[in-house]
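Keeping their order, the protein sequence lines are chains X and C.
The first sequence runs 1 to 256 under this note's numbering.
The second sequence runs 257 to 512 under this note's numbering.
The hints are simulated quantities; they were obtained by calculation from the structure and are not laboratory data.
Some hints here could point you the wrong way.
[Unchecked claim] Some chain X residues near chain C, calculated using beta-carbon distances under 7 Å:
| # | residue |
| --- | --- |
| 1 | Val-5 |
| 2 | Val-14 |
| 3 | Arg-16 |
| 4 | His-47 |
| 5 | His-58 |
| 6 | Asn-70 |
| 7 | Leu-103 |
| 8 | Leu-108 |
| 9 | Arg-115 |
| 10 | Ile-189 |
[What the hints assert, rightly or not] Residues from chain X that face chain C, not an exhaustive set, calculated with beta carbons under 7 Å:
| # | residue |
| --- | --- |
| 11 | Ile-2 |
| 12 | Asp-6 |
| 13 | Arg-19 |
| 14 | Gly-69 |
| 15 | Gly-126 |
| 16 | Pro-130 |
| 17 | Trp-218 |
| 18 | Ala-237 |
Positions of the beta carbon are idealized from the N, C-alpha and C atoms, including for glycine.
So the chains spell out like this:
2 protein chains.
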Amino acid sequence: MIQSVDRAMRILGVLRSSRRLSLSELAGRLELAPSTVHGIVKTLQAHGYVLQDRASAHYRLGPGALKLGNVYLDTLELRSRAVSWAAELTRGTGYATRTGVPLPGEVLIVHHEPRPDGSRQMPEVGITIPAHACALGKAILAFSPEATDCAGELRSMTRDTVTTPERLRAQLDEVREQAVATEREEAVIGECGLAAPVFDGYDTVVGALGVVVPAPDWPAGDAYETVAGAVRGAARAISRELGATRWPVPPDPGQG
Amino acid sequence: MIQSVDRAMRILGVLRSSRRLSLSELAGRLELAPSTVHGIVKTLQAHGYVLQDRASAHYRLGPGALKLGNVYLDTLELRSRAVSWAAELTRGTGYATRTGVPLPGEVLIVHHEPRPDGSRQMPEVGITIPAHACALGKAILAFSPEATDCAGELRSMTRDTVTTPERLRAQLDEVREQAVATEREEAVIGECGLAAPVFDGYDTVVGALGVVVPAPDWPAGDAYETVAGAVRGAARAISRELGATRWPVPPDPGQG
DNA sequence: GCATCACATTCGACATTATCGAATCTGCGG
DNA sequence: CCGCAGATTCGATAATGTCGAATGTGATGC
Chain X
1 MIQSVDRAMR
11 ILGVLRSSRR
21 LSLSELAGRL
31 ELAPSTVHGI
41 VKTLQAHGYV
51 LQDRASAHYR
61 LGPGALKLGN
71 VYLDTLELRS
81 RAVSWAAELT
91 RGTGYATRTG
101 VPLPGEVLIV
111 HHEPRPDGSR
121 QMPEVGITIP
131 AHACALGKAI
141 LAFSPEATDC
151 AGELRSMTRD
161 TVTTPERLRA
171 QLDEVREQAV
181 ATEREEAVIG
191 ECGLAAPVFD
201 GYDTVVGALG
211 VVVPAPDWPA
221 GDAYETVAGA
231 VRGAARAISR
241 ELGATRWPVP
251 PDPGQG
Chain C
257 MIQSVDRAMR
267 ILGVLRSSRR
277 LSLSELAGRL
287 ELAPSTVHGI
297 VKTLQAHGYV
307 LQDRASAHYR
317 LGPGALKLGN
327 VYLDTLELRS
337 RAVSWAAELT
347 RGTGYATRTG
357 VPLPGEVLIV
367 HHEPRPDGSR
377 QMPEVGITIP
387 AHACALGKAI
397 LAFSPEATDC
407 AGELRSMTRD
417 TVTTPERLRA
427 QLDEVREQAV
437 ATEREEAVIG
447 ECGLAAPVFD
457 GYDTVVGALG
467 VVVPAPDWPA
477 GDAYETVAGA
487 VRGAARAISR
497 ELGATRWPVP
507 PDPGQG
């Protein structure tokens, strides 16, 4: 691991969470000398990844960062496969569909198919959601070999967020049985989710896809099974296109 | 400039344009030893900016890149101001509206207000267009002090792309007079544009905003003036919100 | 309008640290 | 089973990034 590159990436990470920082604030966060940070930041700036407010001299992320994101999306096979299935899922259920990939402790949304009714919806591609607080995340965690993923801090986001490892583990067991994960107002009040995992040609979880359901519309009984079936079907179909041999794929036996 | 960080950014740049590359291909492009590149790439990978195909061992951009992009958009005052004006412009003209910021030789789209008719349109936020081949780019170049911007390669994209510095310079003179730039099928066949520059509190060009017009719908006569007036009005309004004292602001006198 | 302050920026000596070439490992094709 | 092409690891070298101190710059208060 190259020290200065590592530091550069940590700087980008800090700027991501803190938006605008002075040089000395940045140096403080990283516990480095300001002059050290200065050299790195100026290099990042020269490449357009960081820019400096003229008035405050504070640093923030620059346009270079945005350019990269799109290329990642373009090269992501999961995404290109998911697009058409997401459209069909939304057409069938009437709910918005999201596709996400795992990041340590989080899920990154890589596709968003908006609800068909013309309601104004924020573009959600690129946002991240704590894995333990969304259906996509639970679907991914349940089929990930590393159980360590649910070891981190389980940050509370609403009254109903699962915050204890025990409850989460119990839920994940159920997800494995059902092959769908659910979430009810655990990340955002008024918003629920239902998602299923997607596997690739190595039979490894590479992401998840699911619907976003307004809390009052949560389907009961047969309606629930219909929606769950549709989500399962889409996830299975995408997995097959990616070369997965079966669906769902139980996680590698961590225990004997 | 820190050498290894600079190299890391160049690696990201190469991956951006080439999508997937083996380690030795990467090393070749940068004219560096493979082992040198390896160290850097692994550092980038540890931070999620790069990932490696399991099958081919090729490297490509990773999810970390996408996360950054959104934060840049959120902190961009030009964008937040432009959103409502773009909506109004699209409502008034019926055309899609784009907002862009300058990158060396290119324009980066930071907002896209789709046409109101329900036609399926690609999300275009994050894409870049050669500055000399789009209305946004010409609007920006015409009011940039560095005339060097039009010195680079003027890559031909369609039959009508402006490829000679002389013709471009002549067009930019006209843009300065009119305070709107036009582009007719110079980047994409069937697509025209009309854009005006946006200035900030330092009376410096920070971007441009304009409409995308399907070639057959290009307005003539009075209709043209109506659209041009609307685009000028929106650009002027945003500039005022950003603290610009006048509009348009002629570029700094490069000549005596 | 001047002095003061805080902060960004530049500079130079030092030793840490990245670099490169060679050696090793891995997976694929014959 | 062997050979090859590529990725990866290792170790010596000196180039390079790092840090502290000095300098520049813009903002604030008197």
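Checked hints:
| no. | hint | result |
| --- | --- | --- |
| 1 | Val-5 | 4 Å, holds |
| 2 | Val-14 | 11 Å, violated |
| 3 | Arg-16 | 5 Å, holds |
| 4 | His-47 | 4 Å, holds |
| 5 | His-58 | 10 Å, violated |
| 6 | Asn-70 | 4 Å, holds |
| 7 | Leu-103 | 6 Å, holds |
| 8 | Leu-108 | 5 Å, holds |
| 9 | Arg-115 | 14 Å, violated |
| 10 | Ile-189 | 22 Å, violated |
| 11 | Ile-2 | 5 Å, holds |
| 12 | Asp-6 | 5 Å, holds |
| 13 | Arg-19 | 5 Å, holds |
| 14 | Gly-69 | 3 Å, holds |
| 15 | Gly-126 | 4 Å, holds |
| 16 | Pro-130 | 14 Å, violated |
| 17 | Trp-218 | 28 Å, violated |
| 18 | Ala-237 | 21 Å, violated |
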